[in-house]
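Please take these sequences and the hints and turn them into a complete structure.
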Amino acid sequence: MLIQQILLKIFTAFQNERTLSAAFHLLKGKRSGQTIQDVGLFQLHPFFGLLPKLTRGQFDEQVDLLFAKNYILIEENGYYHMTEIGIKQASEALLFHFDGWHYRGNEHVFFARVSLALQSLSHQAAGVKSFIAVEKDEDVQSKVREFLVRNQFQQQTLQMKIYLEMEQSLEKIQVNEQVKTIIVYRLSGFQEPGLTWQQMAFGFHMQEMDIRLMYGSGLHQWLNEILGDAQKYPYLYQLAQGIRVDLMLTSSANETAKLYKKGHSLEQISSIRRLKLNTIEDHIVELAMNDVKFDSKPFLTLEDQQLIINASEDYQTKKLKILKEIIPHVSYFQLRLALAKGAHY
Amino acid sequence: MQLESYLHQYFGYETFRPGQKEVLEQLIAGQDVIALLPTGMGKSLCYQLPGYIFDKPVLIISPLLSLMQDQVDQLKQMGEKRVIALNSFLTPAQKNYALHFLHEYRFIFISPEMLLQPQVKARLASLELSLIVADEAHCISQWGYDFRPDYLRIGEVIQVTNRPPVLALSATATTKVLHDIDHYLEMESPFIYVHSVDRPNIHLVKKPFALKEDKLTWILEHVEKTAGPGIIYTQSRAKTESISAQLLQRGIAAAAYHAGKEMQDRQFIQHQFLSGHLDWIVATNAFGMGIHKNNVRQIIHESMPSTVANYMQEIGRAGRDGEDAVAFLLFCEGDEQYAKFIVLEDLPKEFHVVRYAQYRANGEQPNVMLSNGEISEVAFRVVHYWMERETVDQLKERLGNMQTAKYEEVMAMLKIVETTSCMRELLIDYFGQQVEDKRENCCSNCGVDLSVLLQERVEPKNQNPMTDWKGRLQQILLRNL
Ligand SMILES: [Zn+2]
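For the record, the sequence lines run as chains A and B.
For this note's numbering, count along the first sequence from 1 and bump the result up by 10.
For this note's numbering, count along the second sequence from 1 and bump the result up by 130.
To be clear, the hints were calculated from the coordinates, so they are not data collected in a lab.
Among the clues, some could well be false.
[As the list claims (entries may be wrong)] Using 30 Å as the maximum straight-line C-alpha spacing, the simulated DSS-like pairs for lysine-lysine come out as follows:
| # | chain 1 | residue 1 | chain 2 | residue 2 |
| --- | --- | --- | --- | --- |
| 1 | A | LYS171 | B | LYS225 |
| 2 | B | LYS600 | A | LYS139 |
| 3 | B | LYS337 | A | LYS146 |
[To be verified] Just so you have them, the derived chain A footprint on chain B, three or more residues with Cβ under 8 Å:
| # | stretch |
| --- | --- |
| 4 | 203-214 |
| 5 | 388-395 |
| 6 | 398-406 |
| 7 | 558-568 |
| 8 | 599-607 |
No experiment lies behind these values; they were computed from the predicted model shown.
Cβ atoms here follow ideal geometry from the backbone N, Cα and C, with glycine treated the same way.
Right, dumping it as structure tokens:
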């Protein structure tokens with residue numbers, strides 16, 4: 011099962027150094043300092059935010075299954091260990107590719123736009139003027155309205171143009187046909203309601219969660235294809251505006267970064283932004299992780315930096331508690347900063 | 131003034147449905163009205179038409195968000211653009227914008243929570259309204275099954291002098307509930323219109339079982355043999371999933387439907403059910419559905435509903451077209467215990483009141499109870515509301531009374547299940563009315579011949595062929611070009 015294979019990949023990447031919860035937060039796309047740092051530290055960009063609606067119960071169920079298959083051993087404090095067959099299973103290739111970090115949930119906004127645009131065009135073609143919109147979100151509605159007007163939908167030629175773009179772009183991407191089917195059956199048209207996750211799961215004899223993951227994988231690759239060739243897909247490209255996040259920082263960290271670059275101290279930023287100093291430090295770590303040119307000297311001497319990196323390598327660990335025990339004179343913030351810089355090497 | 135001409139101009143209908151004209155005439159004369167009209171009988175027209183007759187906004191207070199969205203969709207579908215829903219889904223920017231232009235809207239839908247916000251309250255006070263509507267007004271009553279404390283405070287917002295008429299709408303209400311509506315909304319000797327709650331074309335059948343497991347077997351066999359469309363009500367989300375999965379396995383187009391489903395899926399199911407792609411919906415009890423389907427032929431209650439009002443509302447989704455429909459009530463010894471459990475689930479307990487008082491005495495925010503998971507949100511709302519108005523002892527007594535009232539509701543339902551005389555007469559009697567139009571095959575106790583009421587199921591030709599994505603894309607975009 012796809013979800014379990016993904017979990018094994020994440021657990022392997024964490025090298026037994028995080029609790030099970032860390033994997034849960036990663037899949038949900040939690041925007042907290044720790045989860046974001048984990049993404050960089052353990053190179054987990056593809057898996058960020060793949061299942062925004064995942065519940066803890068569903069997650070635990072999958073973990074229990076991994077335990078039952080003897081792939082992992084769960085410790086009482088929430089940590090885990092991979093077993094030998096777990097490690098072997100984890101090394102199997104993942105059949106679906108993901109690009110979670112670059113879309114961060116926005117892929118669903120893109121799909122909402124496509125979905126509403128198609129529903130509108132479908133009804134227009136059938137001569138039906140009013141219908142209940144599949145998307146209620148006001149921003150999506152106004153984006154789609156603008157899109158339709160800008161492209162003279164009244165002429166009734168947009169249907170064919172978009173059809174051709176969708177056919178070509180979906181044909182081009184290297185994914186299983188089932189994935190394309192899932193994407194298309196989540197769309198609605200005149201007298202053509204979409205299918206629920208339960209119905210697709212039943213139709214494909216799969217788990218709902220796997221269907222959602224395949225759908226996400228399909229959207230990521232479809233978007234990569236569309237955004238990679240604006241000339242070839244002018245209409246879909248318009249609908250994909252503002253969806254991909256190339257800025258590697260969360261928006262809050264980005265605010266902090268701006269102030270920091272203006273020369274404010276962390277304490278000043280904390281009071282300007284009315285955020286805890288801890289949070290600001292999280293942002294700085296995020297900045298350090300994403301910006302290769304980030305200079306950590308104001309916070310951390312080169313000697314300490316080297317000490318931490320060496321200790322991390324010698325003891326094969328990124329656990330802050332252990333590192334703090336080895337080098338007691340550095341702060342947790344300095345430890346995280348050093349590890350963040352270390353992630354570039 | 132000719133009401134019919136407005137009706138024709140704005141809605142394209144020639145004549146009113148029963149009750150609509152009486153209600154409208156009173157409202158236009160400036161009279162407060164309580165109207166009990168069954169769902170599907172054109173309740174909403176009673177406030178929609180005044181919105182066109184008077185050129186001032188109509189304020190509709192609606193406690194159930196899903197229903198509010200449903201009403202808004204309906205109006206938008208009719209081409210009405212001057213409609214806004216003020217609820218917790220709005221971003222602060224959207225909310226400010228809406229409040230600023232509030233006078234421009236024809237229909238303003240609002241949730242009770244929002245109504246009580248000072249900013250909103252002040253804005254509304256400065257606005258000249260043509261009508262104030264309390265939709266689903268039974269939610270105001272602690273006797274109702276869907277008590278919303280915030281709703282009790284509408285009275286605070288409705289000005290005493292110089293206010294437009296107030297219209298309270300509900301599908302079902304007992305005399306007790308009617309009294310609460312009148313009282314809390316501070317209505318002035320309202321005109322009360324009560325439509326007969328009886329639905330003579332819905333035939334009532336009860337099915338006793340010795341074992342709980344036998345119910346499922348019966349459902350599967352029954353649904354395989356007889357024709358839908360139908361709705362199966364059960365108590366838990368897990369059960370809706372498992373029953374629908376087993377129906378699917380038998381080649382029946384069924385889907386689970388509950389509040390835990392994402393919005394998009396719920397919408398797909400509604401559309402599929404309406405368009406005939408789906409034959410059966412398996413839903414949780416008391417989940418307000420915005421389904422306007424006229425030809426539902428069967429309702430199956432997998433277990434006893436907790437209140438007669440729930441039961442009435444749920445079977446009322448069948449036979450809106452006036453043709454025969456059958457409502458099955460499956461029953462097994464001990465079901466009433468579960469119904470009691472369900473009905474008390476959200477009622478605060480005495481120790482909640484004590485904890486609340488403790489927090490307050492220590493100078494802490496009682497809200498902590500919520501974040502600690504000590505109490506459900508609904509229960510907290512009740513305690514919070516009454517603790518601002520009553521002493522701990524008074525509230526304890528009140529809770530005791532509420533619990534008794536809830537038990538009585540379950541017992542009233544049980545009576546309908548257990549009676550050996552006409553089920554319909556008992557049911558209608560509960561609402562303080564009498565059966566006027568008694569037809570053949572009335573109920574299990576009067577005698578029912580299912581063979582004349584239900585059709586045989588016809589095997590569908592091709593189901594849900596999820597194959598060719600290009601074909602479906604063409605179907606959506608190109609078929610009608
Ligand atoms: Zn009878």
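For each hint, the structure was consulted:
1. At roughly 37 Å between alpha-carbon atoms, LYS171(A) and LYS225(B) are farther apart than 30 Å, so this suggested pair is violated.
2. Between LYS600(B) and LYS139(A), the direct Cα distance comes to roughly 25 Å. Compliance with the 30 Å bound is thereby established for this hinted pair.
3. In summary, the hint linking LYS337(B) to LYS146(A) is not supported, as the alpha carbons are separated by about 42 Å, beyond the 30 Å threshold.
4. Residues of the stretch 203-214 of chain B with a Cβ under 8 Å from some Cβ of chain A number 5, which satisfies the need for three, so the listed coverage holds.
5. With a cut-off of 8 Å between beta carbons, the stretch 388-395 of chain B has 5 residues touching chain A; three or more are needed, and the interface restraint holds.
6. Counting residues of the stretch 398-406 of chain B whose CB lies closer than 8 Å to any CB of chain A gives 5, which reaches the minimum of 3, so the coverage claim holds.
7. Evaluation of the coverage hint for the stretch 558-568 of chain B: breached, as 0 residues show C-beta separations to chain A shorter than 8 Å, against a requirement of three.
8. Counting residues of the stretch 599-607 of chain B whose CB lies closer than 8 Å to any CB of chain A gives 8, so the stated coverage by that chain holds, three being the minimum.
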